[in-house]
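A.B. asks: Line order of the protein sequences matches chains A and B. Numbering of the first sequence is given in UniProt numbering, commencing with residue 1 and proceeding in unit increments. Numbering of the second sequence is given in UniProt numbering, commencing with residue 1 and proceeding in unit increments.
Among these hints, one or two may not hold up.
[As the list claims (entries may be wrong)] Taking lysine-lysine and the DSS-like style, the derived pairs with C-alpha atoms no more than 27 Å apart in a straight line are: (1) B:Lys66 <-> B:Lys79; (2) A:Lys235 <-> B:Lys329; (3) A:Lys212 <-> B:Lys267; (4) B:Lys267 <-> A:Lys267; (5) B:Lys212 <-> A:Lys212; (6) B:Lys66 <-> A:Lys329; (7) A:Lys66 <-> A:Lys212.
Since the hints were derived computationally from the structure, they do not count as laboratory data. Every value quoted in this text rests on a predicted model; they were computed, and no experiment measured them.
Number of protein chains: 2
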Amino acid sequence: MSFIATPQSMHFPEVLPLQSGASIRDYHLAYETYGTLNADRSNAVLVCHALNASHHVAGVYAGQDKSEGWWDNMIGPGKPVDTDRFFVIGVNNLGSCFGSTGPMHNHPDTGEVYGADFPVVTVEDWVNAQARLLDRLGITQLAAVLGGSLGGMQALSWTLQYPERMRHAVVVASAPNLTAENIAFNEVARRAIVTDPDFHGGHFYRHGVIPKRGLRIARMIGHITYLSDDVMNEKFGRQLREGIDLKYSTQDIEFQIESYLRYQGDKFSDYFDANTYLLITRALDYFDPARAHAGNLTRALARATAKFLLVSFTTDWRFSPQRSREIVKALLDNRRSVSYAEIDAPHGHDAFLLDDARYMSVMRSYFDSIAKELQA
Amino acid sequence: MSFIATPQSMHFPEVLPLQSGASIRDYHLAYETYGTLNADRSNAVLVCHALNASHHVAGVYAGQDKSEGWWDNMIGPGKPVDTDRFFVIGVNNLGSCFGSTGPMHNHPDTGEVYGADFPVVTVEDWVNAQARLLDRLGITQLAAVLGGSLGGMQALSWTLQYPERMRHAVVVASAPNLTAENIAFNEVARRAIVTDPDFHGGHFYRHGVIPKRGLRIARMIGHITYLSDDVMNEKFGRQLREGIDLKYSTQDIEFQIESYLRYQGDKFSDYFDANTYLLITRALDYFDPARAHAGNLTRALARATAKFLLVSFTTDWRFSPQRSREIVKALLDNRRSVSYAEIDAPHGHDAFLLDDARYMSVMRSYFDSIAKELQA
């Protein structure tokens, strides 16, 4: 049984300029904190989330079964990121559908639901918004910023946008940008949503419908890319759903993997917002710190002063170890302090959320060393 | 300039029993032949097609620019499969939308368009239909059956269903069955089609609409799996469609890869039949000769007496070299004659349709040896 977590919300009336040139004001950020901020405010760890997650990183909600945070195996009392030593902050990003201001909320000027008019937000915008939240919490410098996948991109961006405000960056199963194939999968998912007749150009709320068909397809595609071919074969293989007889049908479920994907798609379409999906996949597409340096990642990362831990997983074909090694190389070119662990795990991209003894041990020892550094 | 090809059609009034227990009668097969059948009728080569192809394997249609057959680089006078020496037969499979009887044709009992009522056909059914076509053409034994991808599965199935009717099997970029991941991609594509409101349970013809949204998504997913990550990065990378400025939009095209995928999806949805897409992906899913032998491929292939050439491509992640090696191993276990070439090509699954000097040379020398064997 985990500890009790309590979601909080912070209101920001002031304008936040966005990378696109647009801006947003009068917004809320949902967040949670675990552990205690120490006297010199030096033990804060910011956890950034990926596509389908939120500020609810660890712990459970009072009276709610199975409400563990998405990284509850990693963060908590006595866990690798030990909340007996660190003050951990989870924050829901702008544009999300889990509590922070997003497309299903009202535009302060018009009083109408944002829908497709919610401004495009980037990883850099999220980091700026997170920095303002930390200002309000009275935290000048973070002990670490930690994230996996898209969360790792935010941790990396932190080191470039606010190098003086952090000591460590922990970047797990991430990449310095998306490949053409990554963008391609995002684009197919987006097209499935946008061409769903229930999308209504992103203003489906006012029609009282939800583009569930598109969301289901988007989620099914996502799930394929989160898992490794090996783990899919091990988990489902060519097993039929019902016994051993084929039904010879093009539309009925025949194989277990079909049943699994349809279930995941249905579940997701019940709770995830279609506009949020578009926004978050676009933030992934756009992230590319080397872009302003003609593609030179070494030059892009010259600003970073944090110490780094990078972790990748051998069977992750979404953000392969090769992509983490590009970051490691660029940091070493800049003579930065970098630790790198390539974990031989079978689970594909999903591995970063799962228990793996070596992975947990790498994370634990890195955060132990941060804790010792704080005491020194 | 290639030679002129002439499509032909053969009518089969009799019943063809299908693997599902259903049957089909009064159907047509579209086919083409190139070259001349020799006096002892021993130089025939059957070419089996994959998902998005047809009986139009080589040559061009009179008066039609850019009408080259899909394997025109491989087959023709003086080409690796030399039509000056071989009598090559291309046949469009049942259920296709390129000339043979398929879902958009009329059911002979009702006079109504088949639509979703077209029976589920398997690789084995296609092979049986092809064998009947050969009966009509007076060909008892084939010099070779040749196919890539799903076409390779048909070539493999020929060696099990009609071992005495063929001398060689050439199986390119294929697999002994689909993995869970392969099935997963097929299932997402099918769901996109089936959940398109214009699908009408497969009877969209009578509504005068086409489920184009679903077909577009299906094709986009397909294209991602046909290409390698490397070739996508080389061809498109993170290039923007228009100049160097980002538009910050979730729905507009921003990257070249998005433009490419949308174009491919649009083009496909203009000519491909949605029910055919379901049927052909299901035939892929079902193919699994080892199934009747408790998953033991060695035992499954014991019936095969043909000599084999297998070819795979290093960057093909759809049907990886590992899958071809499984077939090679099972054949060697049975002490069959097997040649195997693993071509180091960057183009992914698509490589089997492209010009690669080493690939072409392997094919040429194998077919040269078949031609010599026929003269002996």
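A.B. asks: Holds or violated: Lys267 of chain B with Lys267 of chain A, Cα cutoff 27 Å?
C.D. replies: 32 Å, violated
A.B. asks: Verify the proposed pairing of Lys235 of chain A with Lys329 of chain B, using a straight-line Cα cut of 27 Å.
C.D. replies: 25 Å, holds
A.B. asks: Would the pair Lys212 of chain A and Lys267 of chain B pass a check requiring their Cα atoms to be no farther apart than 27 Å?
C.D. replies: 26 Å, holds
A.B. asks: Lys66 of chain B and Lys329 of chain A: Cα distance at most 27 Å?
C.D. replies: 47 Å, violated
A.B. asks: Do the alpha carbons of Lys66 of chain A and Lys212 of chain A lie within 27 Å of each other, as the hint requires?
C.D. replies: 25 Å, holds
A.B. asks: Does Lys79 of chain B sit within 27 Å of Lys66 of chain B, going by the straight-line distance between their CA atoms?
C.D. replies: Measuring from Cα to Cα gives roughly 19 Å; hence the hint holds.
A.B. asks: Does Lys212 of chain B pair with Lys212 of chain A here, judged by a C-alpha cut-off of 27 Å?
C.D. replies: Roughly 18 Å between the alpha carbons, so the hint for Lys212 of chain B and Lys212 of chain A holds.
Checked against the numbered hints above, the structure violates hints 4 and 6; every other hint is satisfied.
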